[in-house]
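Number of protein chains: 2
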Amino acid sequence: MTDPSPAGQHTLRRHNSALVLRTVLDTPGISRAAIAAHTGLAKATVSSLVDRLIAADLVAETGLVARPGRGRRSTGLAPSVTGPHGLGVEIGVDYLATCLVDLTGQVHDHRVRAADNRTRPPSRVLGATVRAINTALRHATAKGVPVGGIGIAVPGLVESSTGRLRVAPNLGWRELDIVAAVGGRLDRSGLPVLVGNEADFAAAAELGRSPSDGPRDFVLVSGEIGIGAGLVVDGRPFPGVRGFSGEIGHLTVDPAGPECTCGARGCLERLAGLDRIMREAGVWQADPQARPPAATMDTLIEHLADGDAAALAAVRAAGRWLGIALSSVINMVDVPCVVLGGSYASLAPWLRAPLAAELDRRVISAAWSPVRITSSTLGASAAVRGAAAASVQSIIADPDGYLTAAG
Amino acid sequence: MTDPSPAGQHTLRRHNSALVLRTVLDTPGISRAAIAAHTGLAKATVSSLVDRLIAADLVAETGLVARPGRGRRSTGLAPSVTGPHGLGVEIGVDYLATCLVDLTGQVHDHRVRAADNRTRPPSRVLGATVRAINTALRHATAKGVPVGGIGIAVPGLVESSTGRLRVAPNLGWRELDIVAAVGGRLDRSGLPVLVGNEADFAAAAELGRSPSDGPRDFVLVSGEIGIGAGLVVDGRPFPGVRGFSGEIGHLTVDPAGPECTCGARGCLERLAGLDRIMREAGVWQADPQARPPAATMDTLIEHLADGDAAALAAVRAAGRWLGIALSSVINMVDVPCVVLGGSYASLAPWLRAPLAAELDRRVISAAWSPVRITSSTLGASAAVRGAAAASVQSIIADPDGYLTAAG
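Sequences listed follow chains A and B, in order. Sequential numbering of the first sequence, starting at 2, is according to this note's numbering. Sequential numbering of the second sequence, starting at 2, is according to this note's numbering.
Next comes chain A alone, as it looks inside the complex (with noise of 0.2 Å):
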């Protein structure tokens, strides 16, 4: 359908602000003439953005570049490093976690603290939250680094039209205005912030990583104690039309299967999240509540890499699970490519293999397109750097309404 409105002056303002900007993240060096030349914007026009951009240090000036075939020699602009940051902040299942992303994408700052986030009601936890974000605030004050804007990634489905929370099964929570709880009890007032999915920013945060080269259409998949997805579709995170795409965990691979959290039976949590392959492998023994989960994920690498069998059975058994649910993630949405993310990016030597055979299996396409399978570098840190990063695009996308809120 075509936009029946046409751009007033104001959006095209904002537009072509946005399209500079743009441009310049995307060839640092490059001049206002070029620009002019790329965008096809008038000159005039260039500068006039490029010096809004510069007064609000979106943008640098980087020295005299040559002009090929000419004499002179013109500024190059690129974005500037001690421009807005965006602060990422993770609420694990048993950690927070926040970092900074600048306007390039760089990751300063990450830093990961342990906390049971299970066994604690979600008031202490959102404290720590606040707390957590406002020590970040102030060590990004003393380095003289300006925060943009604030994004919470959480493990739990985050309606997007009101950044309300409405479940998050493994921390057990249930309808809670984070944005509400958080926002009012910051050190520094008026900072946007927003509260998104864990796994539809870690998917964000690997798309981000490869621009030019790596994958635009993957499902990534998160194996932790619960498993979640992100899609990412021509490039784009889909995050469904409420937000609550890629619950991958609760797909029904096994109708008369185990008894889930979440009511149902059979979801691919019960069979292949850490919980049932730590217990399979023989790592707990006892309380699961009781395990340090960081030595626990060791313990089982090590027997893998030793080739304990109950080890191997249990990871070869979570694979097969998975490529059921991922052949039908692919057989419905086709895409062609899997992100192993999270603790399923240390198993993937082992996982790989009946995750592939179930693929081949049963993806109808992958008769003449394999479905490519790749894993995360990014590890756990995928989902704190997605949700930094997801601030930072909100200013990329629209550099004109940071200008205005920023006065």
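By construction, these hints were calculated from the structure, which means they are not laboratory data. None of the values given here were measured: they were computed from a predicted structure. Any given hint could be a false lead.
Stated by the list, open to error - So the derived label-pair ranges between C-beta atoms look like this:
| no. | chain 1 | residue 1 | chain 2 | residue 2 | range |
| --- | --- | --- | --- | --- | --- |
| 1 | A | K44 | B | T163 | 41 to 49 Å |
| 2 | A | R362 | B | G191 | 41 to 49 Å |
| 3 | A | R119 | B | A368 | 56 to 64 Å |
| 4 | A | R139 | B | A398 | 27 to 35 Å |
| 5 | A | G264 | B | T378 | 30 to 38 Å |
| 6 | B | A398 | A | S190 | 42 to 50 Å |
| 7 | A | K44 | B | T378 | 57 to 65 Å |
Backbone N, C-alpha and C fix where the C-beta goes; we use that ideal spot for every residue, glycine too.
Position chain B against the provided structure of chain A, taking the given hints into account.
Just chain B now, with coordinates in the frame of chain A:
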């Protein structure tokens, strides 16, 4: 991402041409002045674009309409009912169908011929397809109706970048270039021919019927011998990265279930397709190849209406399996509405309760937002209508391209 290239003059005229035509389609009877006010385009530009659209018989003048508050009256504009029509063709498993769709979406000349396309070689089926198209073109010419393009629906996976049919399991076809096989043998050369998946076209037809108040986000699931699905997200068909989306018939719903023609095990099609329902209901006792499909469907519905225990149990089981598959789709993609199409529409009174029970139980977001279930009223004609409408939509999306091609 912002498109880094600005609109050139030629692109701009194409864009504005489409904008004006879309405005006339959305508001039949609108005047040139009102189009200018609505779009923000200059009156002279609108007049010149409208003149071109009238010359191509895409738009027609409808006589004088009153202008509130003024003495003068202006000429109204509407889509031309004698303008270019789309010719739709559906190659079904056991029929060939054709129809015409005009610029307003009205269907004309819907014809269905029984044809056992499963038992004949592809070359003979495509020969019959060419004859059906040529017959429809002759009828159109006799009635003075111009045909602007052809859309062909097939029950298989069609690669969107090439229009190539990769596989149609229920026809036993593989690797066919239908555009080449059909396009060169038509009585009229140069007509654009597009080929697509029948469920994708059916979903588009479902959308087209209710532009304002109908669902904009849904999964249409069309049950016959095979089971296909079409996803519509934010009012647009979602064909997947390569055009292979919607293969819901091959979602694994029971890993220990029966073998499928696709080579896998426990596919939905084997457990909820008409073959299974008819056998479980005792309607097909003998060789299913010998059955007349319409008659057996009538028989099944009689049995259901009579409260026959085997028929009721067969449809209830199919509804449960369908609910398991659709729960996976909704958990993964987040579309809040299911449209039952094809034979499932006729079975809806008996399918709905077991289907709804599984959705309630398995869809995470159903806890606060129950999945809506509706039935298609287009029945078996949805795909052929959608195919015809798709070729009309190509003209509407780019009237300048049509003008150029038409000379």
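TODO: Any hints from earlier that this structure breaks? Give me their numbers in increasing order, please.
DONE: Hints 3, 4 are the ones this structure does not satisfy, whereas the remaining hints hold.
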